[in-house]
Amino acid sequence: MSRLPVGGLIDRARPLAFTFDGTLYRGHEGDTLASALLANDVRLVGRSFKYHRPRGIFSAGVEEPNALVELRSGARREPNSRATVAELYDGLEAASQNRWPSLDHDLLSINGLLSPFLGAGFYYKTFMWPAALWEKFYEPVIRRAAGLGRAADEADPDHYEKLTTFCDVLIIGAGPAGLMAALAAGRAGARVILADEDFLPGGRLNAEALEVDGMAGAAFAARLRAELDSLPNVRVMTRTTVFGVYDAGTYGALERVADHLPTPGPFQPRQRLWRIVATRAVLAAGATERPIVFGGNDRPGVMLAGAVRAYANRFGVATGTSTVVFATNDDAWRGAFEAQRAGARVTTIVDVRREVAPALTREAGALGIRTLLDGRITGTKGKLLTHVDVIANGRRERFATETLAVSGGWSPSVHLTCHHGGKPVWNEALAAFVPGTCPPGLEVAGAAAGTFSLGGALREGRTLGAKAAADVGHTSPMIEAPKAQDTPGAATAFWHVAESVGPAFVDLQNDVTAKDVSIAHREGFRSVEHLKRYTTLGMATDQGRTSNVTGLAIMASLTGQGIAETGTTIFRPPYTPVSLGALAGHHRGKDFRPVRLTPTHEWARAQGAVFIETGAWLRAQYFPRPGEKDWLESVSREVTAVRAAVGLIDVSTFGKIDLQGPDVGAFLDRVYINGFAQLGVGKARYGVMLREDGMVMDDGTTARLSPEHYVMTTTTVNAAKVYQHLEFCLQVLWPELDVTIASVSDQWAQIALAGPRARDVLARIVDAGVDVSNEGLPFMGAIEGAVMGGVPARLFRLSFSGELGYEIAVPARHGAALADALMTAGAAFGITPYGIEALGVLRIEKGHVSGNELTGQTTAGDLGMGRMASTKKDYIGRVMAARPGLTDPDRPSFIGFRPVDPAQRLRAGAHFLTPGAVASVENDEGYMSSVAYSPHLGHWIGLGFLKNGPSRIGERVRAYDPVRGNDFEVEVCSPGFIDPEGERLRG
Amino acid sequence: MRIPCPYCGARDAHEFAYLGDATLTRPDPAAPDAEGRFFDYVYQRTNPAGAHEEWWYHAQGCRQWVKVARDTRTHAIGGATLARDGAATSGDPA
Ligand SMILES: [Zn+2]
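Going down the list, the sequences are from chains A and B.
Okay, so the first sequence: first residue is 1 according to the numbering used here, each after it adds one.
Okay, so the second sequence: first residue is 1001 according to the numbering used here, each after it adds one.
One thing to keep in mind: the hints can contain errors.
Here are the in silico distance ranges between beta carbons for each label pair [what the hints assert, rightly or not]:
1) E1054/B / P735/A: 17 to 23 Å
2) E1054/B / P157/A: 17 to 23 Å
3) S870/A / A1031/B: 16 to 22 Å
4) E1054/B / G22/A: 56 to 62 Å
Think of the hints as simulated: they come from the structure by calculation, not from any bench.
Cβ coordinates follow ideal geometry from the N, Cα and C atoms, glycine included.
With the hints as constraints, model all of the structure from the sequences given.
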């Protein structure tokens, strides 16, 4: 066991059991999976992506490139989880990935021997030709060999929430700078959210053994957290990653609510996706340590120095029985001293610099650590690290060691500062990229800004927290910054050991080596964006956190340009991966979008309706009865019942728009192609409206209830679009018109009653004095009157079916009662509920156009309604509809079809050809848009568009449907299959 | 992105429907060259990188058409006026 006997922020009284690749281990509360694995001497945790080289834990944070595992099992299995941030819980299951058959014996590690052939640009060069082989051969092989983890095969059993919240000041990161920023802004009275990705606030205060105000850094962090928790205006969100900066102070954050539990508790989401709207933000995201590139730098046991320090201080774990440090900076020395004091045995510090501060060498000597200046690691040995080769002052040596702690300095976590297009700026003195132009309202404090000393970070956080609060009107006396170590620590820019032996990795996750960078250079892929795409440097799931800067620095040295001139790639959201489940939230499956129910939904269910989704609506499709063998039998019965007696259907889904004012008539004249100004009170009229480009937008009826009061219906699908269009016309085009409109779609239930006995039924539910006789309510009449004993109603005599028909509108809450009343009143006549299938059959028999014909690509002329268009007025779309291409008589236009062989079933989508013509696009003469089996005629009928259709009645054309393998002749006929003279609906 | 609706105050862009260029004027349909002018009105659009005046409809709010001055590169809102009365409001709240 590598667990140190004392120390760390773990709870040693609370042991936790977990498994890795099926073996049972023990850790403690407060561990990550990585710290617990290290405590159990598990040093090999995965295989690399391309070469399948053995890899160990490399870091102690989100930057981890190696230790990616599958967490959990079954439906909750989650691949590519970073062991370094996976919080340990009792019963955690983890498995290594990208190995076969086992982690120890991986057969595909032979890829490593092929590495001379698998270098930069390999995919581009090898697989360009022949293209056909890619899909069949290369891709499957590569997918098997180049492994990421396996996603779960089953649906995710957990649920995810999406929330929005608001604050004055958002602090991102709860390290020393973030905690002080939150304290300063919180004490000033601002509404503060402090978000931190870790489960334990404190950041590097927990990972390092530095003192603040005379107490341990971790204790100081705990004290600040306690005070923040006590402030009602401050909210501390742990396990919460702010992953993106969006417009106008909107931040995306992911809260891992239950990732640290075996399963979420009752009613608990797994994760929450937050939209945080903040007036000001302070980014205190800290910094990420950079490795150094040298031969064999990927061997398990090579780790970031800051990680070795964190495992010792925070988790009480020695990462190996002995440790060598390889560094370019003072901070790594302090880490080595802390690790040594904590009990991890540090034998040697190798530093690339020729000189360091004498105090450092003195302290190293006092702790018994050997120091080698002007030194470099040139190679490593062992499947798990056993030895390192060093060259120092020109002398070569080999040491035995299990851990090699590497530090090439620190890169500020500037990612979020780039989300509005800002570019990081190279700072020569810090040897680091620091934030450039930040998103509006966001400032950067602490290590993220390049302020690397603890004292500096505390001060800067305090100052920017107070400033952010003052910006939103909360000023208060500046609080005193706590006292802490204030030496920033010297660092030297050093990237790559030239004397390296063996592959020297830049990007550990994508297996990109220093040699690959030089190949990219040699072949001309020298800009950072080309380098990235040609070598795949920085394109793995770790987004190149430990490799980007090093890779471009090596490129800069090859081109001879400075790093500033070479520039860096841009960071885009998300900062760390966000699960698709969280982005989807509750919008999955049937909950993908809200479902709208008609006022008669429960009534229809009681009638045995089968429902179907039409847009957002759930509507009754048909009402099967016992003994009916299929939907067609039920639908035909419903159609026949309407034609023979009477039926009813809910048409509440139509858009309903109330129009009032003295200019409504003039307004309707401008939006419909036909005239409305002369429409009398108590009358309704069918109208067609165009888009300004001349195509039909929608159709429907508008009734005039009183001189200045009209009500319009639209099709179900276009309800919102038409309303928006009318508002545009009124507010933007013709504000001089005195018209006010309101959507009343949801306020009115509307039921259509159709069939020869419709009037008999209606007469039984209207109140006394409401005259529904042919004289009192003639065809296309519209009156107001009460029904069912005092329920206000609007009665329209309209017909979509070709039968005597009415539409009865009542306040929505009376919809179900109206349906019941009609059923009762119609029982003696055999009243039959019908669904939208029968509605479709009835309208096709009558030859009415519907959604299948109103495609947005058809003109009024195409639909056979060209003569409706008024020539006495202007209206939306009139000028453009007159274009030659839209008035060409050769355009396919609306007509009916019947099969020559009555047994044939017509299919919508079939294209029309002259018999004998080759089936080609050139010979295409139109297509079938709607079909139905007509119980009235006893065969299938169709509507569609045919070139010169109306002049070809009686002609035979070929209905060609290669998709379904149909090819037979149909006869062109009038679209009015039933009662073409319209006697029934006027009766 | 938030749009300062003159009627409702600053509201999230999700509440609005977008139409586009607000500098266009519907041509006189009686003009002799009406067809050409309507063609431009319906189809011809510039796609500026920078300042843009555009129509947004507050579909999930007051149902007013709002003329919004937006920078297409930064989404900075320069101001918003109601189509109907041209009342000006303040700019970007951020
Ligand atoms: Zn509004």
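Status of the hints after comparison with the structure:
The hinted range of 17 to 23 Å is satisfied by E1054/B and P735/A, whose Cβ atoms lie roughly 18 Å apart. Between E1054/B and P157/A the beta carbons are some 44 Å apart, a value that contradicts the proposed interval 17 to 23 Å. About 19 Å separates the C-beta atoms of S870/A and A1031/B, a value consistent with the hinted range of 16 to 22 Å. Our hint of 56 to 62 Å for E1054/B and G22/A holds, since their Cβ atoms are close to 60 Å apart.
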